[in-house]
Each structure stands twice: as C-alpha cells, then as structure tokens.
Amino acid sequence: MTFTSQLIQYLLTGLTLGSIYALVALGFTMIYSATGIINLAQGEFVMLGGLIMVFCTLVLKIPMVLGFLVTLVMVTAVGALFERLAIHPLKNASLITLIIITLAGSILFRGVAMFLWGKDPYMLPPFGSHQPIQIWGAVLQPQTLWVLSITVLVVAGITFFFKRTLMGKAMTACAFNPMAARLVGINVRKMVLISFGVSAALGAIAGIIITPITLMEYDRGPLLALKGFSAAVLGGLGSPLGSIAAGFLIGLLESLGAGFVSSGYKDAIALFVLLLVLWVKPSGLFGSREESELKKF
Amino acid sequence: MKKMDRIALFFLALAIGVFPWGVGGNQYFISLLVFLGLNAIATMGLSLLMGYAGQISLGHAAFFGVGAYSSGILTTQYGLPPLLAFFVGIFLSALIALVVGKPTLRLKGHYMAVATLGIGEILYIVFNEVAPLTGGPSGLSGIPPLAVGGVAIEGTSFLYLVWGVAFLLLVFSLNVINSRVGRALRAVHGSERAANAMGVDAARYKLQVFVLSAVYASMAGSLYAHFVSFISPNAFGLMFSILLLMMVVVGGTQTIWGALLGTGILTLLPEYLRGLEDFEMMVYGAILLSVLLFMPQGVLEGIRRIGTRRKGQVA
Numbered sequence: 001m002t003f004t005s006q007l008i009q010y011l012l013t014g015l016t017l018g019s020i021y022a023l024v025a026l027g028f029t030m031i032y033s034a035t036g037i038i039n040l041a042q043g044e045f046v047m048l049g050g051l052i053m054v055f056c057t058l059v060l061k062i063p064m065v066l067g068f069l070v071t072l073v074m075v076t077a078v079g080a081l082f083e084r085l086a087i088h089p090l091k092n093a094s095l096i097t098l099i100i101i102t103l104a105g106s107i108l109f110r111g112v113a114m115f116l117w118g119k120d121p122y123m124l125p126p127f128g129s130h131q132p133i134q135i136w137g138a139v140l141q142p143q144t145l146w147v148l149s150i151t152v153l154v155v156a157g158i159t160f161f162f163k164r165t166l167m168g169k170a171m172t173a174c175a176f177n178p179m180a181a182r183l184v185g186i187n188v189r190k191m192v193l194i195s196f197g198v199s200a201a202l203g204a205i206a207g208i209i210i211t212p213i214t215l216m217e218y219d220r221g222p223l224l225a226l227k228g229f230s231a232a233v234l235g236g237l238g239s240p241l242g243s244i245a246a247g248f249l250i251g252l253l254e255s256l257g258a259g260f261v262s263s264g265y266k267d268a269i270a271l272f273v274l275l276l277v278l279w280v281k282p283s284g285l286f287g288s289r290e291e292s293e294l295k296k297f
Numbered sequence: 001m002k003k004m005d006r007i008a009l010f011f012l013a014l015a016i017g018v019f020p021w022g023v024g025g026n027q028y029f030i031s032l033l034v035f036l037g038l039n040a041i042a043t044m045g046l047s048l049l050m051g052y053a054g055q056i057s058l059g060h061a062a063f064f065g066v067g068a069y070s071s072g073i074l075t076t077q078y079g080l081p082p083l084l085a086f087f088v089g090i091f092l093s094a095l096i097a098l099v100v101g102k103p104t105l106r107l108k109g110h111y112m113a114v115a116t117l118g119i120g121e122i123l124y125i126v127f128n129e130v131a132p133l134t135g136g137p138s139g140l141s142g143i144p145p146l147a148v149g150g151v152a153i154e155g156t157s158f159l160y161l162v163w164g165v166a167f168l169l170l171v172f173s174l175n176v177i178n179s180r181v182g183r184a185l186r187a188v189h190g191s192e193r194a195a196n197a198m199g200v201d202a203a204r205y206k207l208q209v210f211v212l213s214a215v216y217a218s219m220a221g222s223l224y225a226h227f228v229s230f231i232s233p234n235a236f237g238l239m240f241s242i243l244l245l246m247m248v249v250v251g252g253t254q255t256i257w258g259a260l261l262g263t264g265i266l267t268l269l270p271e272y273l274r275g276l277e278d279f280e281m282m283v284y285g286a287i288l289l290s291v292l293l294f295m296p297q298g299v300l301e302g303i304r305r306i307g308t309r310r311k312g313q314v315a
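Chains as they are written, first to last, in this note's numbering: chain A, 1 to 297; chain B, 1 to 315.
Check the hints yourself; a few may be wrong.
[As the list claims (entries may be wrong)] Which chain B residues face chain A? A few, computed with CB under 10 Å, are given here: (1) Leu58; (2) Thr104; (3) Lys108; (4) His110; (5) Met112; (6) Ile119; (7) Tyr124; (8) Ala131; (9) Leu133; (10) Val211; (11) Val215; (12) Tyr284; (13) Ile287.
Derived by calculation from the structure, the hints in this document are not laboratory data.
Every residue, glycine too, gets a C-beta built ideally from N, C-alpha and C.
Take these sequences, add in the hints, and give me the full structure.
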C-alpha cells in the first residue's frame with residue numbers, strides 16, 4: 001500500500017472513530033451543561049443503542065428505520081428514568097458521590113445487558129450496500145459514509161437546537177447559572193431531565209451507526225466513555241462545538257497513531273494529548289479560561 | 001489518636017487474630033481476608049487523599065500495579081530479595097505520583113478526575129505493551145512467595161503479615177489525621193484559598209498526600225504479587241481503580257474507618273453474589289446504587305445516623 005493510500009485509510013478510519021467519540025462527547029457536554037454532572041454511564045447508552053437495535057432488527061425482524069426509532073425511544077426512556085430515579089434525588093450531593101452514582105448506574109446497565117444479551121459481540125447488517133468502495137487505493141466501507149453523514153446531520157440538528165430553539169437557549173442558560181435561569185422562569189428540573197434524555201438519544205444513535213462496523217458487546221461502554229469524556233474535556237466542557245471538534249481530533253489521533261506509531265500504544269497517545277491539554281490549558285481547546293473559572297468545576 | 005480509634009483498633013486486631021481459628025483454617029476464607037487486607041491498605045491511602053484532602057483519584061490501580069510489577073519483575077527476572085523489590089516499588093510509585101501529581105493537583109474537581117483516569121490508563125497500557133519486562137497481557141508468573149529463613153510465608157501466616165502491615169499503616173494514618181498535618185489537610189479540603197491565607201501551603205500538602213496514597217497502593221500491590229504469584233495487567237485497570245474509589249465512597253469518606261467498612265462490604269459482596277451467576281453484575285450495580293441513594297454519606301455515617309435517631313436525639 002502506498003503512503004498516500006495508507007494515509008487516506010487512516011484518515012477515514014479516524015473520521016469514523018471520531019464521529020462516535022464526537023457523539024459521546026456531545027452527550028457528556030449536554031448533561032454537564034445542564035447539570036454540572038459528568039455522566040459516566042454515557043458509554044452504556046451507546047452500548048444499549050447498539051444492542052437494542054440488534055434485538056429489533058434480528059429478533060423482532062422489524063424494518064431498520066422503525067427499529068432505529070424504537071431503539072431511540074427506548075434508550076431515551078432509560079436515560080430519563082435514570083435521571084429521575086438516581087440523579088434527581090441526590091442533586092445536592094457532593095461531586096464525588098454523583099460521579100460514583102453514575103458509575104454504579106453504568107455497572108447496573110452493564111449487568112442488565114450481560115443478563116439479556118450475554119457476553120458475545122453482535123453484528124448489525126450495514127445500512128446500505130455491502131460493497132466496499134475503493135478510493136485512491138484505500139478501502140472504504142459504505143457504512144462509514146452512513147456514520148459520517150448521520151453524525152453531520154445530528155451535529156447540525158444539535159447546533160440548531162442550541163442556537164435557534166427556545167429550549168436550547170434555555171438549556172444554555174441553565175449551564176451558565178441555574179439560579180439565574182430559575183429566576184427568569186426556566187424550569188431547570190425539566191431541562192435536566194431533557195438533557196439526560198437527549199444525551200441518551202445521542203449515545204443510542206452512535207451505538208446504532210457504529211455496530212455494523214465494529215460490532216457491539218455488553219462491556220463496550222467504559223472505554224468509549226473514557227475517550228468521549230477525554231474529547232469533551234479537550235474541547236472544553238460545556239462547549240458542544242468543542243466536543244465535536246475534539247471528538248474528531250481524538251479519533252484522527254488514535255487512527256494515525258495506531259497506523260504510524262504503534263497500535264498497542266494508540267490509546268495512550270490520545271490520553272497523553274488529553275493530559276497535556278489539561279496540564280497546560282484545562283479549559284480545553286475551545287473553552288475560555290475565565291468561563292471555566294466561573295463554573296462550578 | 002482518639003479513644004474511639006484505640007477501641008476500634010483493639011477489636012479489629014482481636015477479630016483478625018481469632019479469625020483463622022474461627023474458620024477452622026479454611027483457606028478460602030483466609031484468602032478472602034487477605035484480599036480484604038490488601039484492598040484495605042490501598043483504600044486507606046485513597047481515603048486520606050479523598051476524605052481528608054478532598055482530592056479525587058480515578059487511577060489508583062496503576063500505583064497498585066507499579067508495586068506489583070516491581071516486586072514481580074525484580075524477584076523473578078533479576079532475583080532480587082523481595083524486601084528490596086518492595087522498596088523499589090514504593091520509590092517508583094512515589095516518583096510517578098510526584099511527577100504527575102504536581103500539574104494534576106492544580107486542577108479542580110472533574111478535571112482532576114479525568115487526569116488521574118488518564119494517568120491510570122496510560123500506565124495500564126504500559127503494563128500491557130512492555131511485554132519483555134512485564135510479560136504483556138499474558139502476565140507474569142512464578143513470583144516467589146515471601147519467606148523468612150527459607151520458610152515460605154503463606155496462608156495464615158501471610159494473613160497476619162498483611163494485616164500487620166495494615167495495622168501499622170492504620171496507626172500511622174490515624175496519627176497523621178489527628179496531627180497538625182491532618183488538620184492542615186482538612187483545612188485544604190474545606191477551602192484551599194482560606195488554607196493558603198492561613199499559611200497552610202495547600203499545594204505542598206496535596207502533593208504529599210497524593211504521593212503517600214500512591215505509596216500505600218504500591219505496598220498493597222507488592223504484597224499482592226507475592227500472594228497470588230501470577231499477575232496480569234487486567235487486575236490493575238480502570239475497573240479496579242473504580243472499585244477502590246467505590247470502597248471509600250460507599251463506606252464513607254469522612255473517616256478512615258469508613259474506607260475500611262466500604263472495603264469490607266465491596267470485597268465480600270461479590271463473593272456472596274457469586275452464586276447468582278447471570279444476575280450477579282445486575283444485582284451488584286443495583287445494590288451499589290441503592291446504598292448511594294439512601295446513604296449518600298456512606299454506610300458508616302448512615303449507620304451512625306440510624307443509631308442517633310433511635311436514641312431520640314437530633315442527628
């Protein structure tokens with residue numbers, strides 16, 4: 001394989017991976033923005049999205065579009081329930097306790113998934129054609145195009161949501177200052193619930209679109225959460241666009257690192273970059289230092 | 001240290017002392033208590049860091065691993081005496097903690113959690129990748145048990161060794177907590193700015209506690225290596241870091257006894273649940289979640305509150 005085709009291959013893989021990390025990071029950022037909480041069960045939403053879709057398509061044998069919607073609804077419901085039952089009662093607890101609660105939640109979700117689906121990885125058929133496409137010597141799976149285009153759609157949708165809709169602006173207001181938001185009549189409780197629901201939906205979408213390429217098993221969550229979280233912090237916690245950009249950046253770094261440096265250390269490369277950013281500019285690439293000083297964490 | 005601490009120490013020592021006799025030398029129960037002791041050593045350090053200094057570490061399993069691999073590698077591949085390997089492990093852990101601690105401890109809350117998470121993961125990857133040294137994912141085997149004068153320390157005698165070390169560290173920790181240093185730590189936990197204004201060098205104390213907690217973890221790791229004689233990177237990953245963190249939080253971050261209680265609960269609980277097979281992880285998660293929801297201050301505090309309420313006093 002020539003250098004150019006290798007490079008293109010790695011870039012494509014990087015963009016695919018990056019889409020998933022971007023979506024997970026976006027989920028983290030949404031919840032953080034509305035509540036100040038880091039939801040370490042975010043990875044599990046991705047896992048549930050993939051596995052429930054598998055159940056819909058392969059067991060219930062319903063058409064993919066319908067399955068997509070059913071899965072979204074179900075995972076969103078899981079996210080909302082999680083917020084109501086586990087997060088809302090303890091909103092005044094300390095940071096450590098909240099982090100641990102989301103960790104406990106992730107263990108519970110994983111336990112349920114293991115109970116329902118076992119430990120085997122599951123496959124989804126690609127959305128469109130099965131034929132790999134050749135581009136300049138690199139092999140491209142059509143599913144990658146699906147991943148990228150759906151991600152772009154979701155990103156556009158979320159940006160529109162935050163910038164143009166009243167609810168999105170209300171959520172941003174909650175991020176800046178929940179007390180002030182309450183004072184102007186924003187129902188912060190509802191915003192929190194919605195943020196969890198939407199984050200869960202984002203995770204589910206990520207899970208559904210990636211399963212045809214990488215399969216899905218019950219314990220994929222934690223590593224995805226770690227990388228997605230790294231991306232969210234890298235992009236500046238609370239900045240949706242930052243999360244997306246950083247997600248792609250980490251995906252690309254990981255892919256290029258795996259290809260050109262060493263596949264064993266690829267995770268370490270992305271993590272090291274994260275640490276570097278944290279040590280030099282914790283507010284992230286796109287966050288502002290003053291803003292992060294003002295925020296709770 | 002306080003009188004309650006002394007009483008608690010006495011009863012704990014008594015319990016550990018009679019335990020092997022009580023279970024009739026059953027090796028399963030004895031190993032269980034050994035693991036409890038090892039975990040307790042690690043969580044004691046974490047409790048000092050989290051409860052008293054108010055910092056979070058999501059990567060402590062890595063220091064445990066550094067201790068384990070130091071002992072493992074130096075005693076198998078280089079034939080060094082275990083005691084020397086033990087101290088090399090401590091030195092390495094302290095060094096790593098010092099180097100990464102300095103920039104990391106400047107970060108707040110979530111950022112610090114992520115940074116320690118990242119550090120833990122990087123070390124985990126290193127354990128996996130430096131195969132010629134660590135044996136990679138297949139692990140390192142043939143680690144000799146500790147021995148005194150040719151007699152191997154195993155089973156019950158190892159139990160006493162581990163808990164002997166645990167006791168020494170517990171006494172040391174309690175003394176630190178009740179000393180000027182402990183009060184300085186709590187001042188830092190309350191408000192770094194206020195502490196600094198009062199002349200307490202917050203950054204220095206935080207770093208010292210961080211390094212100390214890494215050393216505790218390393219000691220536990222070294223002992224672990226000699227006990228199980230086979231180690232692999234899987235034992236030192238994110239899951240174990242989270243478990244250690246959970247032990248401290250579930251038991252209660254306020255006191256070191258909370259960490260011990262939490263360690264006891266989370267070491268023994270999986271054993272009880274083992275019979276449930278497929279249900280195990282689900283029930284484990286559900287129990288954890290319930291404990292956190294109903295006793296967010298930890299089980300120790302929760303029990304104390306039930307006790308005071310019964311007496312009719314205002315909690």
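Against the structure, the hints come out as follows:
1. Interface restraint check for B/Leu58: the shortest CB-CB distance to chain A comes to about 8 Å, inside 10 Å, so the restraint holds.
2. Restraint check, B/Thr104 versus chain A: the minimum CB separation of about 7 Å is within 10 Å; hint holds.
3. With a least beta-carbon distance of about 6 Å to chain A, the hint placing B/Lys108 at the interface is held under the 10 Å criterion.
4. About 5 Å separates the beta-carbon of B/His110 from the nearest beta-carbon of chain A, less than 10 Å, and the hint is met.
5. For B/Met112, the interface hint holds, since its Cβ comes within 10 Å of a Cβ in chain A; the closest pair sits about 9 Å apart.
6. A least Cβ separation of about 7 Å between B/Ile119 and chain A falls short of the 10 Å threshold, and the interface hint therefore holds.
7. Taking 10 Å as the C-beta contact cut-off toward chain A, the hint placing B/Tyr124 at the interface holds, the least distance being around 9 Å.
8. A hinted interface residue such as B/Ala131 counts as satisfied when its beta carbon comes closer than 10 Å to some beta carbon of chain A; here the least separation is about 9 Å, so the hint holds.
9. Checking B/Leu133 against chain A: minimum C-beta separation of about 14 Å lies over 10 Å; hint violated.
10. A distance limit of 10 Å between C-beta atoms decides the matter here; for B/Val211 the minimum to chain A is near 18 Å, and the interface restraint is violated.
11. A hinted interface residue such as B/Val215 counts as satisfied when its beta carbon comes closer than 10 Å to some beta carbon of chain A; here the least separation is about 22 Å, so the hint is violated.
12. Annotation: B/Tyr284 was flagged as interfacial toward chain A, and the flag holds, the nearest CB pair being 6 Å apart, inside 10 Å.
13. Given hint, B/Ile287 at the interface with chain A, holds; its Cβ is 9 Å from that chain's nearest Cβ, closer than 10 Å.
Taken one by one, the earlier hints fail for this structure at numbers 9, 10 and 11, listed in ascending order.
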